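Taken in order, the sequence shown gives residues 1 to 246; the numbers are from the working numbering.
Since the hints were made in silico from the structure, they are not lab data. Just so we're clear, the structure is a prediction, and the values are computed from it rather than from any experiment. You may find that some hints are simply not true.
Stated by the list, open to error - Straight-line C-alpha distance at most 16 Å; calculated EDC-like pairs for lysine to aspartate or glutamate:
1) K193 / E183
2) K202 / D166
3) K3 / E134
4) K202 / D142
5) K3 / E44
6) K165 / E134
7) K3 / D41
8) K163 / D43
9) K137 / E44
10) K137 / D43
11) K3 / D43
12) K163 / E134
13) K137 / E155
14) K19 / D61
15) K137 / E116
16) K202 / E155
17) K3 / D108
18) K122 / E112
What the hints assert, rightly or not - Computed beta-carbon distance windows for the label pairs:
19) R199 / D41: 50 to 58 Å
20) S149 / S30: 18 to 26 Å
21) A120 / R64: 38 to 46 Å
22) Q9 / K165: 44 to 52 Å
23) R27 / S167: 18 to 26 Å
24) Y218 / R173: 40 to 48 Å
25) D166 / S195: 21 to 29 Å
26) T230 / T170: 52 to 60 Å
27) G117 / R216: 48 to 56 Å
28) A36 / R64: 18 to 26 Å
C-beta atoms are modelled at their ideal positions from N, C-alpha and C, and glycine is treated no differently.
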Amino acid sequence: MRKTQYLQQLGHSWYLRVKVPTTLQGRVGSTHIRRALGTRDLDEAVRRKWPALAQVRSYLDQLRSAAPHLPASLPATFAIGCTQSAGNPGLQSIANLGHPSKPVQGLDALAERWIEGAGATKTVRYQRRQAYGELRKFLGQDCTPDWVSGPLAAEYVDAHLFKSKDSPGTRRRKLSALGAFWEWMSSRGFSTKGSNPWRGFKVPATNGSRTTARKRPYTTPELLQLFSGTPTRSTRAMVSSRCPTA
Numbered sequence: 001m002r003k004t005q006y007l008q009q010l011g012h013s014w015y016l017r018v019k020v021p022t023t024l025q026g027r028v029g030s031t032h033i034r035r036a037l038g039t040r041d042l043d044e045a046v047r048r049k050w051p052a053l054a055q056v057r058s059y060l061d062q063l064r065s066a067a068p069h070l071p072a073s074l075p076a077t078f079a080i081g082c083t084q085s086a087g088n089p090g091l092q093s094i095a096n097l098g099h100p101s102k103p104v105q106g107l108d109a110l111a112e113r114w115i116e117g118a119g120a121t122k123t124v125r126y127q128r129r130q131a132y133g134e135l136r137k138f139l140g141q142d143c144t145p146d147w148v149s150g151p152l153a154a155e156y157v158d159a160h161l162f163k164s165k166d167s168p169g170t171r172r173r174k175l176s177a178l179g180a181f182w183e184w185m186s187s188r189g190f191s192t193k194g195s196n197p198w199r200g201f202k203v204p205a206t207n208g209s210r211t212t213a214r215k216r217p218y219t220t221p222e223l224l225q226l227f228s229g230t231p232t233r234s235t236r237a238m239v240s241s242r243c244p245t246a
């Protein structure tokens with residue numbers, strides 16, 4: 001997957017750019033949807049594009065199903081972050097789909113409930129907090145569970161987890177903890193069932209780099225110096241010390 005997929009640079013700033021399906025172009029009024037991501041940094045744009053892309057796709061899905069409560073065109077103010085826009089009821093309606101009776105909650109509050117869950121030992125709580133804390137830093141802000149899509153999870157695993165200095169066992173533990181967190185949310189109705197984005201990743205058995213440097217071969221001058229010296233013990237004495245007489 002290209003790093004700049006769904007991205008377009010205009011001047012020094014990065015924008016999300018998504019092609020509108022032909023059947024919806026009349027309602028949207030354009031062949032593409034483009035929204036500013038509010039950053040000039042490519043890495044930051046990559047992080048911001050996934051929740052913005054999820055919003056665009058959800059909006060297009062609603063237009064495709066001809067939902068009467070959504071406008072026929074995108075609102076002028078469009079949330080690009082993970083959190084919902086209070087001034088945008090259309091996007092808030094999208095966020096509530098699938099869980100109409102359960103209010104949308106952010107990952108921060110849910111993670112705290114999961115971390116301090118009944119039966120969790122002090123070590124388990126520490127490991128859970130560490131795993132979510134690193135993901136939270138990558139996201140940059142609080143998100144609802146379903147904003148973390150499969151592509152966003154893959155970006156986190158490739159760009160952060162696999163490039164960290166952690167051992168393979170620690171990486172595997174952190175990945176497993178995130179998967180367990182999403183299963184916990186799914187079992188309680190806070191995320192879509194069967195949509196765990198942390199499944200299917202395989203952690204390499206090694207870090208991809210040698211822990212010790214490979215010893216270089218001797219140079220010719222070094223070999224000459226090694227074999228041209230005067231031995232401190234005679235050859236006969238060395239042989240007799242290694243081969244005892246009968």
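Inset, instruction - With a cut-off of 16 Å on the C-alpha distance, tell me whether K122 and E112 pass. - result: 14 Å, holds
Legend entry - 16 Å limit on alpha-carbon distance, applied to hinted pair K193 and E183: The given pair, whose Cα atoms are some 8 Å apart, holds under the 16 Å limit.
Inset, instruction - Using the Cβ atoms, figure out if Q9 sits within 44 to 52 Å of K165. - result: 31 Å, violated
Legend entry - R27 paired with S167, Cβ distance criterion 18 to 26 Å: Violated, since R27 and S167 (Cβ atoms, about 52 Å apart) do not stay within the stated range.
Inset, instruction - State, for the Cβ atoms of A36 and R64, whether the hinted interval 18 to 26 Å holds or is violated. - result: For A36 and R64 the Cβ distance comes to about 25 Å; the hint holds.
Legend entry - Outcome of range test on Cβ distance (S149, S30; 18 to 26 Å): Holds, since S149 and S30 (Cβ atoms, about 24 Å apart) stay within the stated range.
Inset, instruction - Please work out if K19 and D61 have their alpha carbons no farther apart than 16 Å. - result: 13 Å, holds
Inset, instruction - Measure nothing beyond the straight line between the CA atoms of K165 and E134; if it is 16 Å or shorter, mark the hint as holding. - result: 13 Å, holds
Legend entry - Given hint D41 paired with K3 - CA-CA distance at most 16 Å: Measuring from Cα to Cα gives roughly 12 Å; hence the hint holds.
Legend entry - 16 Å limit on alpha-carbon distance, applied to hinted pair K3 and E134: 21 Å, violated
Inset, instruction - Sort out whether E155 lies within 16 Å of K202, counting only the CA atoms. - result: Holds, at about 14 Å.
Legend entry - Distance restraint between K163 and E134, which requires alpha-carbon spacing of 16 Å or less: 13 Å, holds
The structure fails hints 3, 4, 15, 17, 19, 22, 23 (numbered hints given earlier, in ascending order).
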